[in-house]
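> Just so you know, the sequences run in chain order A and B.
To convert, note that position 142 of the first sequence is 188 in this note's numbering; the numbers rise steadily by one, no gaps.
To convert, note that position 17 of the second sequence is 63 in this note's numbering; the numbers rise steadily by one, no gaps.
Quick caveat, the hints were computed from the structure, so don't treat them as lab data.
Keep in mind that this is a model prediction, so the values were computed, not measured.
Watch out, some of these pointers could steer you wrong.
Partial chain B-side listing against chain A, Cβ under 10 Å, derived [to be verified]: (1) ILE640; (2) VAL664; (3) TYR667; (4) ILE670.
For every residue, glycine included, the Cβ atom is placed at its ideal position computed from N, Cα and C.
Protein chains: 2
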Amino acid sequence: MMQWEPAVDSSSSGFIPRVVLELASNTKEEAAAWLLSRIRDPQRNGGAELLVEQLGPGVGAQEKDNPNLFLVGASWPRLLSGAEDVGLFKEYSDGSMRGFTCANKHNFKHFKGEGDGFLSMSECQYIIKHELDTLRAKEETHVPGYTQAKLYPGKSIIRRLQSKGILIQMFPLHDKEDLKRLSFSWYKKVKLSLQPLDEIKHYYGEGQALYFGFLEYFTFALVPMAFIGVPYYLFDWEDYDKYVVFAVFNMIWCTVILELWKRRSASLAYHWGTLSRKKAFEEPRPGFHGVLGFNPVTGREEPLYPNVKRQLRIYLVSLPFVLLCLYFSLYIMMIYFLMEGWALSVHDENPTFWTGLLLFIPSIIYAVVIEVMNLIYRYAAEFLTDWENHRLESSFQNHLVLKVLVFNFFNCFASLFYIAFIMQDMALLRHSLATLLITSQILNQIMEAFLPYWLQRRRNKKMVRKVLKRRIFEDKVLPLPEQVRLEADMSMYLGTFDDYLELFLLFGYVSLFSCVYPLAAVLVVLNNITEVYSDAFKMCHVFKRPFADPAANIGVWQLAFEAMSVIAVVTNCALIGMSPQVKGYFPDSETQLILWTVAIEHGLLAFKFILTFLIPDVPKYIQIKLARLEFESLEALKKKRQLHEGKWRLQRSVRRSSEADMKAYRH
Amino acid sequence: MMQWEPAVDSSSSGFIPRVVLELASNTKEEAAAWLLSRIRDPQRNGGAELLVEQLGPGVGAQEKDNPNLFLVGASWPRLLSGAEDVGLFKEYSDGSMRGFTCANKHNFKHFKGEGDGFLSMSECQYIIKHELDTLRAKEETHVPGYTQAKLYPGKSIIRRLQSKGILIQMFPLHDKEDLKRLSFSWYKKVKLSLQPLDEIKHYYGEGQALYFGFLEYFTFALVPMAFIGVPYYLFDWEDYDKYVVFAVFNMIWCTVILELWKRRSASLAYHWGTLSRKKAFEEPRPGFHGVLGFNPVTGREEPLYPNVKRQLRIYLVSLPFVLLCLYFSLYIMMIYFLMEGWALSVHDENPTFWTGLLLFIPSIIYAVVIEVMNLIYRYAAEFLTDWENHRLESSFQNHLVLKVLVFNFFNCFASLFYIAFIMQDMALLRHSLATLLITSQILNQIMEAFLPYWLQRRRNKKMVRKVLKRRIFEDKVLPLPEQVRLEADMSMYLGTFDDYLELFLLFGYVSLFSCVYPLAAVLVVLNNITEVYSDAFKMCHVFKRPFADPAANIGVWQLAFEAMSVIAVVTNCALIGMSPQVKGYFPDSETQLILWTVAIEHGLLAFKFILTFLIPDVPKYIQIKLARLEFESLEALKKKRQLHEGKWRLQRSVRRSSEADMKAYRH
């Protein structure tokens with residue numbers, strides 16, 4: 047086991063561990079020593095100027111425990127200057143949100159003394175992550191002790207260590223006290239109030255908080271639809287003209303709620319300081335590789351990969367692969383319909399309770415198969431997108447989301463489209479919709495929350511038992527080394543991707559076909575309520591704490607939801623056009639009926655786009671605040687310039703008068 | 047006649063007159079004197095620090111001449127600091143475009159000595175206009191001599207003088223030498239080269255240059271369509287399957303050229319420095335009125351007008367008015383069809399050459415009526431939009447464009463839609479399209495260029511004759527006072543609105559129905575070529591020089607053209623679906639035909655949106671340049687901060703050591 051002497055300045059009592067670095071247990075000593083010294087070096091020497099300590103072995107130390115766990119922290123002044131580096135926005139004394147600057151720190155609200163407590167834990171962790179990520183190689187040609195881990199001036203050290211497997215993981219620590227408080231107000235007390243979004247933001251950062259905000263908003267937005275849907279179910283309203291009313295309401299509702307969400311999101315992001323915050327310059331992602339060259343933007347040496355090659359990979363490999371998968375999914379769907387037909391024929395021949403149950407079997411099997419296919423495809427998509435070798439994480443994410451979205455949409459809804467528009471069997475559509483929706487919800491809850499929870503609980507108990515063997519605690523709180531090791535073993539939270547994807551599919555079930563199954567909204571509302579609790583629980587107890595993600599909106603998902611709402615207009619119009627009531631208006635000519643349906647659909651789409659245009663994306667009061675900020679900075683600039691010019695003029699006149707003096711003296 | 051003593055510092059030989067201010071001839075002396083002193087006052091006293099001289103009476107002075115013409119200029123240092131104020135972007139020594147700052151002036155390309163000639167005439171004029179516009183009242187409660195012309199601290203003086211009719215006009219002077227050179231390279235020499243866009247930008251500013259760039263681009267984009275269209279006309283290809291090919295080509299073409307124009311526009315705007323230039327803070331427009339209150343953004347006292355009132359005016363008055371006009375336009379259209387039917391019946395009864403000509407009469411009359419209605423509606427729309435009392439000129443313009451666009455679109459195309467989709471008479475559609483297109487082109491050229499030219503020529507000759515009466519010139523160049531008076535009498539150029547509107551309608555004729563009349567593209571190309579010449583000519587010789595307009599793109603027109611291209615997809619699909627060839631594929635079922643048409647139309651629309659998404663709006667090389675600039679400024683900021691912190695640390699350590707000295711001294 048290696049042992050590092052604690053650094054001189056980090057042994058002070060003020061050291062608060064915030065981020066954990068885990069190096070491989072067989073890391074060479076020289077590499078670890080070099081990394082620590084680079085992290086501790088002052089900034090003027092190109093270091094990160096952070097505090098770092100090795101984690102002690104703890105009470106339950108075993109031989110197999112990895113000794114190379116390091117705790118990283120920073121002094122308050124260092125964190126404040128880091129906050130300025132990452133462009134953090136904080137509340138100013140006048141209530142507006144402004145970019146934090148050290149020079150101006152005392153004018154910010156809640157800034158006291160040296161700034162202790164001014165930054166939240168998640169902000170501190172984000173700053174430390176940023177500083178570690180931007181710690182760059184100087185003259186080193188490789189990581190000491192690892193000649194194959196090449197470095198060049200300007201290369202991010204952490205990225206290289208990650209890509210070579212020397213750095214296993216870097217994660218922020220949970221804060222037991224805060225977590226307890228958060229989880230109590232979030233999901234432990236039975237309450238009618240909303241989620242504590244500000245506290246979630248405080249603990250997990252803006253990206254997570256926006257997801258939970260969206261989940262909550264989406265649930266509330268569905269409540270009116272659910273309320274209207276219940277009587278349809280209860281009174282068994284089978285007449286289609288009531289469904290027409292429901293569908294029209296549905297279409298307008300979809301558009302309006304998505305527009306209003308933009309405003310709500312802007313308002314949340316403004317108060318959290320991410321709305322006008324500039325994105326930091328993005329580092330290449332760890333897996334990115336290529337021939338060394340000069341980045342045309344930064345002028346730094348870094349791997350370059352020609353865009354043409356990437357495009358070729360996308361259009362010649364990824365695109366055909368996705369199309370093949372879609373074809374395969376269609377094939378599975380046809381098998382499902384064969385099974386469905388077989389079950390029906392069995393039931394018709396000999397209708398008993400058991401054959402009645404048999405009717406549900408194909409749908410349930412199909413729902414399970416869909417989930418499995420989605421899962422497999424997800425891995426394939428990740429592999430392919432990784433192989434496309436995107437330089438930036440954001441571009442990687444966009445391509446991954448697009449691939450997964452298209453397939454999942456197709457996989458989940460193809461059978462419904464087939465039933466609705468080819469078979470035109472509304473009873474079967476209702477039946478399939480219900481089975482798919484309910485089965486996928488149940489599967490999701492199991493896969494997402496209960497399974498990881500159960501695994502984590504086992505691990506947790508083991509650790510507690512191990513510690514209990516040695517000592518007896520009064521308050522069952524684990525000591526730091528055990529806590530860190532426990533968290534290091536927790537599963538990694540993979541971002542909000544899957545959560546948004548689930549909401550996206552639920553939104554599809556509600557909006558696309560709800561006019562034949564108004565109860566869908568009720569089911570989705572119920573699902574969302576349990577989803578809030580299970581997501582909250584898994585965030586707090588199942589996963590490692592994730593780094594904050596300073597998001598200003600829900601990004602590409604807003605677009606995906608809007609695309610879904612456009613498709614919903616088309617499907618709902620078609621369903622209405624196919625309803626017997628509407629057909630009754632055009633008894634003679636089917637052509638007339640279709641033309642009218644298409645005309646109305648075009649009108650609704652145009653109306654939708656105009657509505658999107660008319661509703662401003664940012665609420666007026668925030669627009670005014672942003673405009674005022676910009677106006678003030680312009681005015682300040684102008685004043686500064688005039689002051690500067692005034693000084694210059696003064697100097698010139700002084701010089702002139704002294705020249706005149708000189709002349710007078712000479713004469 | 048009043049006479050002002052020339053200001054001391056403006057009588058120097060370096061005074062170059064750039065902008066003319068014309069006050070009403072009965073302006074009270076105290077008001078004029080006050081205005082001049084405010085313009086001359088140094089900036090630290092709240093003045094504009096510009097040079098201003100009264101224009102002399104000239105040789106052909108008459109009693110009725112207005113003596114209150116003032117020439118405004120500025121020293122080079124004043125212009126440079128103004129360039130920084132308006133946020134001008136100029137070419138840096140490394141070839142990138144950067145915001146000009148006086149502190150950094152020597153690093154800009156083409157900057158020599160004190161900066162003479164660094165700014166173009168149009169830039170100087172724009173700066174002077176900006177400085178005059180932002181000349182604000184201090185403690186004055188009203189304009190001296192005019193108690194009804196109220197002022198309050200912060201009110202723009204020029205805006206108040208304009209709205210009270212004391213300031214008649216403010217316009218930039220032409221530069222005869224430059225103009226001669228520009229007009230020679232622009233339209234006087236017979237050439238195959240492109241328009242000198244950079245010179246146009248240099249002389250007229252970015253807004254004008256972008257219009258001419260768009261006109262040129264649009265013409266070139268139509269050339270392939272025109273080439274394909276000619277054989278259709280020559281060989282009289284009446285079979286519709288060739289038209290189907292043409293229509294599909296047409297749809298994809300429309301989408302692609304509009305996307306590529308965005309790239310071209312971004313590239314032009316980058317090189318002209320307007321792409322990343324921030325919009326200056328917008329002053330309320332001169333006609334805006336309301337109750338005095340505090341602007342929530344600037345905190346200044348200014349008239350406020352509640353948004354609710356404006357919305358009420360828009361939705362309760364303007365919208366019904368527009369709908370009424372649309373109804374009226376429909377009514378006129380029905381009369382046209384009655385006339386058309388009557389002419390046909392006369393021709394059928396007694397087919398002679400004269401009755402053959404009679405067939406064209408209704409279309410020609412209708413085309414003329416359409417133009418007249420557009421003209422009348424235009425005035426009504428301007429009146430209404432003015433009455434809606436928009437605070438900003440940009441908002442005023444957007445509402446005006448929307449009103450005029452909807453009506454003109456309806457007015458010009460309603461009859462064609464009626465013929466195509468209700469009457470389904472393709473021969474009549476072709477005939478009407480041709481007549482409308484040709485008549486409106488001829489009318490436009492007359493109204494737009496020849497009429498104003500003829501008027502201006504008469505005025506010009508009169509002035510030359512008047513001057514010639516008194517003196518004999520060797521080179522027929524008018525002296526300054528006559529030149530200024532001549533320009534003051536020229537018509538005002540009302541912006542690119544009408545020019546874009548004309549292009550928009552032409553684009554409609556080409557894209558909406560071109561698959562039944564492929565010759566339309568040829569006609570439009572020919573029209574555009576003459577349009578370049580006539581527009582160039584009228585810019586140079588008919589109108590007052592306009593102030594430069596630092597536009598970064600063609601603004602709302604891009605949106606209008608894109609909307610048109612979406613409508614074009616719908617109409618072309620419908621036309622194709624109605625063609626006998628396509629009908630031949632579905633001999634049994636019209637329903638099948640319509641469903642397929644609608645499905646293909648939806649597919650094309652989706653493809654169009656994806657294409658819009660896939661083609662980046664800004665060319666890669668400009669994206670890189672912009673990213674580099676941002677990266678450099680971030681790096682500079684970081685370096686500055688570290689330097690600052692280094693200093694601070696040094697100071698602290700110095701302080702500490704001196705404290706230690708003190709302690710040592712005490713002991």
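> Indicate, hint by hint, whether the structure satisfies it.
We went through each hint and held it up to the structure:
no.	hint	in the structure
1	ILE640	holds (5 Å)
2	VAL664	violated (14 Å)
3	TYR667	holds (9 Å)
4	ILE670	holds (5 Å)
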